[in-house]
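A.B. asks: Protein chains in written order, with my numbering: chain B, 1 to 146; chain U, 1001 to 1190.
Hints were generated in silico from the structure; no laboratory data involved. The beta-carbon is built from N, C-alpha and C at its ideal position, and this holds for glycine as well. Don't take every hint at face value.
As the list claims (entries may be wrong) - Stretch by stretch, here's where chain B covers chain U in the computed footprint (C-beta under 8 Å, at least three residues):
# : region
1 : 1030-1037
2 : 1060-1067
3 : 1102-1114
4 : 1147-1160
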Amino acid sequence: MIYDLAANPLNSNEWSFPLTECFHVASMVLCIGTIAVVDLRLLGIGLRNQTAAQLVRATEGWTIAGFSIVITSGLLIFSSDPLKYLHSAPFQLKMTLLLFGILYNYTLHRKVAQSSPPSALRFVIAGFSLALWAALVCSSIFIAFW
Amino acid sequence: MSIAQIFHWIQSTGWANALRESDLAYPIVLSLHLCGIAFFGAAILITNLRLLGLALQQSPVADIVRQLRPWKWAGFILVVTCGFLMASAKADTYYPNTWFRIKMLLLALVGIHALVFRRSVYRASGAVLPRNARLAGCLSLALWLGILSMGRWIAYYEKPKKVNASLKVSEGVVGREYSDLGTTFNYHAG
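Bound-form chain B, shown alone:
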């Protein structure tokens, strides 16, 4: 069976691809942004009147919603030209970071963010989290420039 790229709606009209990208970017803010709020709190910046655990509770639903939309729209974008993405080094890096980032966020990161009293590891855990998601964002941009 040959997959006909031209039959994919993302390739056959002018607005569906950019629209999907808009959903992708907006939901990226929703998931990475809400994680960053917790990271900055762990570093002692931002919402300091709230505990990191409170911020996790307040944002976790939004983070999940963000991940759901970002992955769904990402799969759609991927379907517009699977071979191009599969052979792209920045894309491979991005998928590795995504898989690792999700695992990290829901295991170590969460455990440290919810620990009371605050864990001594919180600076390392938050700094690493910020670096990881920033690297993922950069690798996304480089897909188009590689």
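With chain B fixed as given, assemble chain U onto it according to the hints.
C.D. replies: Showing chain U alone in chain B's frame:
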């Protein structure tokens, strides 16, 4: 000096030339732009979710807004600086771009929004949700979503009358041109 001439002058400056001609600088500035959006967009998001009563309801609005304010400004300056650099590299093509113009208009509306709701919502103290809080939150989210969308659409703008369909399906060849991303991908369909 007309606005078009100012745009042309910006494009001819040293930094704009350097950014346009470098293979690496442009994607790096774009990456910083997007990282800024990811990390600092969160400050706007959390503020608005609080105004809508959808997160951190136990904390007063004023408390959340005040704590996030410096962070919001830092992010805004980073994102605008990167955006300005990217627009100056291609100022001549940005000037007639309708989506770019709408984006600038929406940014101006964000400023007006801030002035209108500053006293009644964003600087309000007290535990009670200000009366206009929901309205201010909805409008702010709508404006920022519009700005984000227009930002993405700038890359897909085509000058009127010029026959250069971004998507050409002929003889089994599909070519989508990423005009603003500086790369053209072509592949054979089927």
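A.B. asks: Residue count check for the region 1060-1067 of chain U against chain B: does it reach three with CB-CB under 8 Å?
C.D. replies: holds (count 3)
A.B. asks: Given that the region 1102-1114 of chain U was listed as covered by chain B, double-check it with a C-beta distance under 8 Å for 3 or more residues.
C.D. replies: violated (count 0)
A.B. asks: Just to make sure I understand the rule, a stretch counts as covered if three or more of its residues have a C-beta closer than 8 Å to a C-beta of the chain. Does the region 1030-1037 of chain U meet that for chain B?
C.D. replies: holds (count 5)
A.B. asks: Taking 8 Å as the Cβ threshold, is the statement that the region 1147-1160 of chain U is covered by chain B upheld or broken by the three-residue rule?
C.D. replies: As far as the region 1147-1160 of chain U goes, the hint holds, because 6 residues have Cβ atoms under 8 Å from chain B.
Hint compliance for this structure: hint 3 alone is broken.
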